[in-house]
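> Next come the chains, spelled out residue by residue.
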Amino acid sequence: MARSAHRRAFWRGMRDGAPFILVIAPFGLLFGVVAREAGWDMAEILAMSVVVIAGASQFTALQLMAENAPTIVVILTATAVNLRHAMYSASMATHLGAVPVWKRALVAYFLVDQTYGTAINRYTLDPGMRPGEKAAFFFGAALGTCPWWYVFSVIGAEVGAAIPAGLALDFAVPITFIALFAPALRTAPHVAAAVVAVVAALALAPLPYSFGLLIAASLGMLAGAGVELALERRR
Amino acid sequence: MSEIWAVILGLGTLTFLIRFSFLGLVGDRALPGWAMRLLRYVPVAVLPALVAPLTVWPAATGGFPDPARLIAAGVALGVGALTRSVLGAIFSGLAVLYLGLWALG
Chain X
0 MARSAHRRAF WRGMRDGAPF ILVIAPFGLL FGVVAREAGW DMAEILAMSV VVIAGASQFT
60 ALQLMAENAP TIVVILTATA VNLRHAMYSA SMATHLGAVP VWKRALVAYF LVDQTYGTAI
120 NRYTLDPGMR PGEKAAFFFG AALGTCPWWY VFSVIGAEVG AAIPAGLALD FAVPITFIAL
180 FAPALRTAPH VAAAVVAVVA ALALAPLPYS FGLLIAASLG MLAGAGVELA LERRR
Chain P
0 MSEIWAVILG LGTLTFLIRF SFLGLVGDRA LPGWAMRLLR YVPVAVLPAL VAPLTVWPAA
60 TGGFPDPARL IAAGVALGVG ALTRSVLGAI FSGLAVLYLG LWALG
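Protein chains in written order, with numbering that gives the first Met the number 0: chain X, 0 to 234; chain P, 0 to 104.
Every clue listed holds true.
What the simulated footprint calls covered on chain X by chain P, stretch by stretch (three residues with Cβ under 8 Å from a Cβ of chain P suffice, anywhere in the stretch; the number is not a length):
| hint | stretch |
| --- | --- |
| 1 | 36 to 49 |
| 2 | 107 to 115 |
| 3 | 176 to 188 |
| 4 | 219 to 226 |
Far from chain X, by Cβ distances over 10 Å, these chain P residues were calculated:
| hint | residue |
| --- | --- |
| 5 | 63 |
| 6 | 66 |
| 7 | 102 |
Chain X regions said to be covered by chain P (calculated; three or more residues, Cβ under 8 Å):
| hint | stretch |
| --- | --- |
| 8 | 79 to 89 |
| 9 | 95 to 101 |
Treat the hints as calculated values from the structure; they're not laboratory data. Quick caveat: nothing in here was measured; it's all calculated off a predicted structure. Ideal Cβ placement from N, Cα and C applies to all residues, glycine included.
Excised from the complex, chain P in its bound form (with noise of 0.2 Å):
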């Protein structure tokens, strides 16, 4: 077997059982309330954490924090926490991206 097929069929394999971890084994049974009050805070816990980095030094700048990425993701956020509409934050923080990078070059 190839080494791509390995690598395709071993990250696939890793991958599907970290995703069914607490899905398989926990099921309906009842999580303690000090589980359920910490897996409240996932979304906006590992989503900002992983966005950060990449909004602060943007691989496509060579690492450089740009101020029309950083303009657009304030937008976006702003938008975002205000509406409440994802829709809106999306299409606010490109327009918001193209014009900045349009202005500032």
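The following block holds chain X by itself, in its conformation from the complex (with noise of 0.2 Å):
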């Protein structure tokens, strides 16, 4: 019974991670030639895209070792970019405390932006799943994308240079995010979050090392909580 559930659980986790092959495609391509042009071998790109699977970050370590940046500020630069994933750890936490250690190393392996707004969107539409089927849908969402993200940085490192600019694929990226989150403004705490987020983010954006992104998003989670509590408080 709990097997078949999990069964299910995986299979739809793949279905719904599946759309986001259509970002993770473009966006590995696109690092594996520019890796690939810094003078990167193919041993290195798969490397990166398997031990770190970011890629914002990755894109960051790539641009600072092209200025010449120390090492260690290669690392710790392009590690601030993955900040924010701390919250989606946290947040994910609440779903998945109770599942085996091994299990939630795993996890945050591979936890990703697609990952993550698959997950959570399904868990906030079923709030009736188990731990354990939670936990198999993140896999199924997590099996069914991230793989790619390594094959298409080597396919990328490749076919070089030979993918048309006029694609526009660099716009993938924001709207399936923009997807991601856009189903999830159900009340006015979703959408107080959301505006504060989008405000205080193009105002820090010159803040360096993606620090505006944390303090938006910070600010963010602050308004949402606080629009809540208020609203409870009057009723």
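With the hints as a guide, bring the two chains together.
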């Protein structure tokens, strides 16, 4: 019974995650192309994508290395770009705290924007899911998407710069991220959180190391929680 | 060890530790109510903050606002919020993006 429920959750995760191959493929290709142009060999490109799985920070590292930044600066700056994942980790802990620690470690390895967004959408739609099913769903979404990141990094390194710029693939990333949070704008607190986060992110965009993003996201969370509290008090 | 491998291992290790942080340490201990209240808004705060500058100042247009991209983002947002469909939002956003790029050249 539990096993078949887990299997169903796993396949549903794969299905829910599948659209994000649309973003992961071009973004991975681009990473392969840029890394190849920077002189990386195939083993290094594949290792980077498998070990790190984080597009934005991988590009940040390439960029800083091209500027001859010291290695420690490259590592710390590219890591700072991933600090938002700590918020995802806290959010997922409220759903998956009860599963064994090795599974939580595996979830952590695959915890990227797309898998997090896919999972949290499903957890919100189906509040009755048990922690084991939630984990199975997450692994379905992860295995349906993340391996394509590795594959397309390698293809990008192979085919090189043969990708036409007119495809505007750059903008597939914002579109799919918008698609991930738009359905969650169900209540006034959710809308308040998003509006405050957007305004603050635009105002703070000049800050380095994605600090603007972190501050804006924190302000958005405070706004959502504040409006929620105010509405509760009024009732 | 080359600089590239140092970056791969350093960045990979630190990124994993960030992602494991709360999942690993908190486990199934109950978080206080105020923390749960804040965490409910992680997706609708982090993702919009991530997307806003990319949408308003796209790198592909040299950082200048681009009507086709702005309209496409608005359509994806509207369709996603009204229909609650992730797929619907993605495909309508991309369709409007290509239509806009083609029409506005």
